[in-house]
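2 protein chains.
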Amino acid sequence: MQDTTRLAGLIQERINDTVARHRERLEPLGPDTAPLLDEAIGFLSGGKRFRAQFAILGYRAVRGLDIDGEVDAEFGAVLDAACALELFHAAALIHDDVIDRSDTRRGRLSVHRLFSALHSRGGWKGAADHFGLASAILLGDLLQSWADELMQAACDAAPDRGWALRTREHFNRMRSEVALGQYLDVLEEQRTLFAEHDVQLERSTRVLVYKSAKYSVEAPLLIGAALAGANEDQEAALAEFGLPVGVAFQLRDDLLGVFGDAEVTGKPAGDDLVEGKRTVLVTLARENLPGTQQRIFDDLLGTELDGDQVAMMQRTIRESGAVDQVEEMITRNVDRATTAIGRAPIRENAARMLATLAERAARRTA
Amino acid sequence: MQDTTRLAGLIQERINDTVARHRERLEPLGPDTAPLLDEAIGFLSGGKRFRAQFAILGYRAVRGLDIDGEVDAEFGAVLDAACALELFHAAALIHDDVIDRSDTRRGRLSVHRLFSALHSRGGWKGAADHFGLASAILLGDLLQSWADELMQAACDAAPDRGWALRTREHFNRMRSEVALGQYLDVLEEQRTLFAEHDVQLERSTRVLVYKSAKYSVEAPLLIGAALAGANEDQEAALAEFGLPVGVAFQLRDDLLGVFGDAEVTGKPAGDDLVEGKRTVLVTLARENLPGTQQRIFDDLLGTELDGDQVAMMQRTIRESGAVDQVEEMITRNVDRATTAIGRAPIRENAARMLATLAERAARRTA
Numbered sequence: 001m002q003d004t005t006r007l008a009g010l011i012q013e014r015i016n017d018t019v020a021r022h023r024e025r026l027e028p029l030g031p032d033t034a035p036l037l038d039e040a041i042g043f044l045s046g047g048k049r050f051r052a053q054f055a056i057l058g059y060r061a062v063r064g065l066d067i068d069g070e071v072d073a074e075f076g077a078v079l080d081a082a083c084a085l086e087l088f089h090a091a092a093l094i095h096d097d098v099i100d101r102s103d104t105r106r107g108r109l110s111v112h113r114l115f116s117a118l119h120s121r122g123g124w125k126g127a128a129d130h131f132g133l134a135s136a137i138l139l140g141d142l143l144q145s146w147a148d149e150l151m152q153a154a155c156d157a158a159p160d161r162g163w164a165l166r167t168r169e170h171f172n173r174m175r176s177e178v179a180l181g182q183y184l185d186v187l188e189e190q191r192t193l194f195a196e197h198d199v200q201l202e203r204s205t206r207v208l209v210y211k212s213a214k215y216s217v218e219a220p221l222l223i224g225a226a227l228a229g230a231n232e233d234q235e236a237a238l239a240e241f242g243l244p245v246g247v248a249f250q251l252r253d254d255l256l257g258v259f260g261d262a263e264v265t266g267k268p269a270g271d272d273l274v275e276g277k278r279t280v281l282v283t284l285a286r287e288n289l290p291g292t293q294q295r296i297f298d299d300l301l302g303t304e305l306d307g308d309q310v311a312m313m314q315r316t317i318r319e320s321g322a323v324d325q326v327e328e329m330i331t332r333n334v335d336r337a338t339t340a341i342g343r344a345p346i347r348e349n350a351a352r353m354l355a356t357l358a359e360r361a362a363r364r365t366a
Numbered sequence: 001m002q003d004t005t006r007l008a009g010l011i012q013e014r015i016n017d018t019v020a021r022h023r024e025r026l027e028p029l030g031p032d033t034a035p036l037l038d039e040a041i042g043f044l045s046g047g048k049r050f051r052a053q054f055a056i057l058g059y060r061a062v063r064g065l066d067i068d069g070e071v072d073a074e075f076g077a078v079l080d081a082a083c084a085l086e087l088f089h090a091a092a093l094i095h096d097d098v099i100d101r102s103d104t105r106r107g108r109l110s111v112h113r114l115f116s117a118l119h120s121r122g123g124w125k126g127a128a129d130h131f132g133l134a135s136a137i138l139l140g141d142l143l144q145s146w147a148d149e150l151m152q153a154a155c156d157a158a159p160d161r162g163w164a165l166r167t168r169e170h171f172n173r174m175r176s177e178v179a180l181g182q183y184l185d186v187l188e189e190q191r192t193l194f195a196e197h198d199v200q201l202e203r204s205t206r207v208l209v210y211k212s213a214k215y216s217v218e219a220p221l222l223i224g225a226a227l228a229g230a231n232e233d234q235e236a237a238l239a240e241f242g243l244p245v246g247v248a249f250q251l252r253d254d255l256l257g258v259f260g261d262a263e264v265t266g267k268p269a270g271d272d273l274v275e276g277k278r279t280v281l282v283t284l285a286r287e288n289l290p291g292t293q294q295r296i297f298d299d300l301l302g303t304e305l306d307g308d309q310v311a312m313m314q315r316t317i318r319e320s321g322a323v324d325q326v327e328e329m330i331t332r333n334v335d336r337a338t339t340a341i342g343r344a345p346i347r348e349n350a351a352r353m354l355a356t357l358a359e360r361a362a363r364r365t366a
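Protein chains in written order, with our numbering: chain A, 1 to 366; chain B, 1 to 366.
Same shape as in the complex, but just chain A (with noise of 0.2 Å):
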């Protein structure tokens, strides 16, 4: 636990580093560009950190790393990977937040609110939403191609060239798939009707394996190791054991937007309903209430909904038998991937705490 806290410091500052050496390059643009800049930072203050850690612990599953030392080129590298990530991510939720018009993220301002916010005290012209809309593309831009320099330094660090190789072949296919996965999703929220049950949840299964399974754990997992020098073998398990962590860790993220505690999660309460979301929970609900209860269902879901009719809906579910399906099938996932993690042929140390990582990805309350 010593670890997790000493680690998340040195990848806090490695991002301020990174923030901080691209401001100094860009000074010539002047200081217009500075609240910009300095929301990069503010973006870059928040968040668990999942997905630097499962990086870490991939890297660690293949190699030892002093991460109690000093800082050297090698564990240097391996920051930069985890920062990659996290740049990454704090891209993606940046542009999430556009689409699914949230206006917060982690208990603040969502990027685009923050900045229509900026226009109205200014009290400039035109229309305050749209340059919140545009300064949150651009700041997700920005980031985008920040996080792929990273973990370019990364994989330059290497001391293996089929290693950085392979390093950046997962990063580039989870790149191209979490947009994928995130277009399917949105797609999804503009379907007319709930398709057949079968049908349904096979769409939310694909949207919840690549927007997040893969994306939150599989992959940065395999980054990690691959910059290691995992070798065939290592990959597979570690993927055998990273894609059920990572259903697991979205399933328990279905439950936590209809019952999450708006003051832990930075979310408004039943924030999926809200915003009409198919989720895995969702579907399975939907398929154990009978025809009129589905009906009623079916009308609030997507809608703007009050605290009672939350209230409301979330009784349903939870009536429906949906919760401990949902919660069995968190359980199993993650008995799956510690029976994996355990035959798994990695450092046994690093073994050991990547079955407790899954447990607090599985469990945690935000």
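Worth flagging that the hints you see were computed from the coordinates, not collected in a lab. Just so it is clear, CB atoms sit at the ideal spot from N, CA and C, and this is done for glycine as well. Hints are supplied without guarantee of correctness; some may be wrong.
Ranges of calculated distance between the beta carbons of each label pair, as one might list FRET restraints [as the list claims (entries may be wrong)]: (1) Gly107(B) with Glu27(A): 48 to 56 Å; (2) Ala117(A) with Asp233(B): 44 to 52 Å; (3) Trp124(B) with Ala262(A): 24 to 32 Å; (4) Ala262(A) with Asn288(B): 55 to 63 Å; (5) Asp233(A) with Ala236(B): 30 to 38 Å.
Fit chain B to the known structure of chain A by using the hints.
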């Protein structure tokens, strides 16, 4: 000129291959992703390819390259770098059109409008406009990551690691600068009042330099040259040529944004006036106008102008003498570039072609 036609074909072919390769890899995500992947090809089938051409000439300024010969590993790497710039540019334009609320691009619907039309045609749930916005953000993100992959592939093929590092340095700087330059451009449109002339001209020039001149000409040239192993003197000479060409390129864009033929540019006539862009042209025009006319001009700029009003503003700008001033600036910049390239320590053949391409960039009608 025959060179150019063959190159254009090779570039298009390589872009198509790239998209096809990604498409195959992303097949597991299912057929619903097709519209996004189709549009990747659709959007990438047009454009003037100035960036690709400057990158290839940057390379040829330093090393011989038989562009009529077979596409071997070396030529392939140069094409990858050139295509990376085109993909990045496509991503930037897709986001740019959202930010500028542009309905058309290259004579067809812009990406966000295209996806919002898809939504409307399908009679889907939710807001068509917002679906268009979400799709455009995600397609831009996707293409941005593909651009990065291609640039990486180009760098991986470089025979010298230092050359690869330098190439990426230019690419990285370019990406940050264009995002911030774009932010400054948007910021400018939000200001209630024009600043005092000197300050305003400085700001408009800064946007012109970072959002366009460096991005469209100087950076592509330096990327190509670095990939060929340019030394410091060669890079300095190419920058000395590239920046004024880029300035001329964008000043021409300012003129086309006000006076361009919609049939040729693929953008509505007087587009910049409706958007309220504070270009160098507009800034000079205002300064030349007497007080009353200036106030009318300011009131109209950035509003929904009808055809008569556009014509009136065009006349005002022309009669103010600003068009002549900008034409003179273009000529002066092209002259400066031609002088620089004449004495540059680069391959003579390439110098001649660069001078021709500079003329084309500065005198184009679209």
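To see whether the hints hold, each was checked on the structure:
The supplied range of 48 to 56 Å is broken by Gly107(B) and Glu27(A), whose beta-carbon atoms lie about 39 Å from each other. Between Ala117(A) and Asp233(B) the CB atoms are about 49 Å apart, so this pair conforms to the stated range of 44 to 52 Å. The beta-carbon spacing between Trp124(B) and Ala262(A), approximately 30 Å, falls within the hinted interval of 24 to 32 Å. For Ala262(A) and Asn288(B), the hinted distance range of 55 to 63 Å is satisfied, since their beta carbons lie about 57 Å from each other.
About 51 Å separates the C-beta atoms of Asp233(A) and Ala236(B), a value inconsistent with the hinted range of 30 to 38 Å.
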